[in-house]
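2 protein chains.
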Amino acid sequence: MTPFNTLLEVVKHCDKFPYTIDPQSTEEQHHATPVYLGRHKIGNILPHVLPALTEYNNKTEPAPFVINKDSITFASWVTTAELRTTVMKQLMDTWRANKTFKVLAGWRNELYPVYGDSEQEGNIAFVMERAATPLFGISTFGVHINAFTRDENGHILMWVARRAKTKQTWPGLLDNCVAGGISYSYSVKDTMIKECDEEASIPAALASKAHSVDVISYYTYTDGGLQPETQYIYDLELPKDFTPTPCDGEVGCFYLWPLEKVKETILKNEWKPNCALVAINFMMRHSFITPDDEPDYIHISYRLHRRLEFPTVRKGHSS
Amino acid sequence: MTPFNTLLEVVKHCDKFPYTIDPQSTEEQHHATPVYLGRHKIGNILPHVLPALTEYNNKTEPAPFVINKDSITFASWVTTAELRTTVMKQLMDTWRANKTFKVLAGWRNELYPVYGDSEQEGNIAFVMERAATPLFGISTFGVHINAFTRDENGHILMWVARRAKTKQTWPGLLDNCVAGGISYSYSVKDTMIKECDEEASIPAALASKAHSVDVISYYTYTDGGLQPETQYIYDLELPKDFTPTPCDGEVGCFYLWPLEKVKETILKNEWKPNCALVAINFMMRHSFITPDDEPDYIHISYRLHRRLEFPTVRKGHSS
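Chains G and U, in that order, are what the protein sequence lines are. Quick note on this note's numbering: the first sequence kicks off at 832 and runs consecutively. Quick note on this note's numbering: the second sequence kicks off at 832 and runs consecutively.
Treat the hints as calculated values from the structure; they're not laboratory data. Fair warning: there could be bad hints in the mix.
As the list makes no split between identical chains, a pair holds if one copy fits it or if it spans any two.
In silico lysine-lysine, DSS-like type, Cα no more than 30 Å apart, as pairs [said to hold, decoys possible]: (1) K920 <-> K847; (2) K1146 <-> K1092; (3) K1092 <-> K1040; (4) K872 <-> K998; (5) K1020 <-> K890; (6) K1099 <-> K900; (7) K1071 <-> K1040; (8) K890 <-> K1040; (9) K1094 <-> K1146; (10) K1146 <-> K1040; (11) K1146 <-> K1099; (12) K847 <-> K1040; (13) K1146 <-> K1071; (14) K1094 <-> K998.
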């Protein structure tokens, strides 16, 4: 894989959806059609997805969507979260059965929430299969955990995962110790504790000592579609005598590396792109990457906290 | 002072320059004229500043600026960093002598760098008096240090400063333990160590143990003008037996407070607005504010890492 010259290049390799749309560009990311729910943009559909959506919509009675040149919305009869969920499920089930899009071969049977109006509490607009979210460019949410320990001099050693060679996505690449998507009805912390157990055999009593430290957001894409993502970040200092163990087959093995080695392998392009961002964020928060030494410090920080244009989860204020 | 209902309101009270310009608005922030250096926007001039600038420019031979309806640039004869520095100094000296703008009564005799093309190394376009930067809406850079210790249960206690009642700006309000602007030719770390000594009598040997942990950016304004600001953040855990001491007269006294009290006083609007942002960022990084408990977690993070439209410092990559 092509190595990077700078950490900013690493970040741009993941946060690569254009910041400014150029109608003259030949890249399809510049020609996405927005999906609206009321006045809120909740996703984007790429040109290579649009013909199949139009065909499905024309064949289905009553048509579930209104497809215009500049916008896609649910049809006026699709008025509730339940109806939106049903309509999306029928579409994706059809595409999956017909093998219309390769990305649906990675079907997870895992439901992700899609948020609507952020000004309202309890703003879940509908839920949909996780693997299908890139086809509609839906904003998704996850948790990444940096597990680390310290050597006898107090220097940080980071637990780094090697993804299983059998994984559907990014096989064999380096990864954060634990990571997972936040499914419908799970809290951030519950997801963190569940994934610690599933991916690294870290017991709940230990995982619950992890610290919530940051949230990162970026806008990436792959052959499968658009992925605006938000990742809540936890740091977990493990006892020196504890070793994470692969559990659910998603991880091949774990390494315990000094941050020099983490940075070196990131620049060599050995990491899953978004996980490199989590590790860079960790190295910034732990003074291994500093503003006096890193020329792109501010721009890296901007891109790790990209303001996404989609609604986010909205829970009530307790006070 | 009016209390806030939510932490997001606290953040918006500081990061208050509009995200979208509304030509219909009656607020002058929607009607600023951009200042360009080549193709780079380096500042903005508010309507209440423009008449004095135009008058000065008309009276001065040769005219130092070109003032158009939609842009302000240096005149074509102002070709170097030295000439730009001289031109700006003569303008500000004149306004200061004539008492044209009240903000110049706070003259500091401190030079701030103004950056140009970020793609080039060593990109200082010119330097100018710190107190004058809001009149041109120049992006400025500083350092804030969160000093803290821990009680017998390991809970964080934060050192909070009360600004001197005699300070020109925000007298008597709560503040971070140490903070200061980065003057021309100082590094981030040098500034941090210098300010620790000047503001809190923290010796260099102790200050140098502070950790670089983040950078925050926001776009605020006051009666004095526009202030797009970037603050590098350090955390410094002080020994239990060390007490910061006011030194240069800028701080009235220091308190050692649990984070509950920090958050409570922030919501009561007792803090200098941008320092409240630094404390909120600290509480997020130290798990006192978490995504499961704070409904606006993501939007607070976005606004603490606002992507400013101005060039930033650009040093060379060492590799």
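Enumerate the violated hints, using their earlier numbering and listing them in ascending order. Hints 4, 5, 6, 8, 12, 13 not satisfied by this model.
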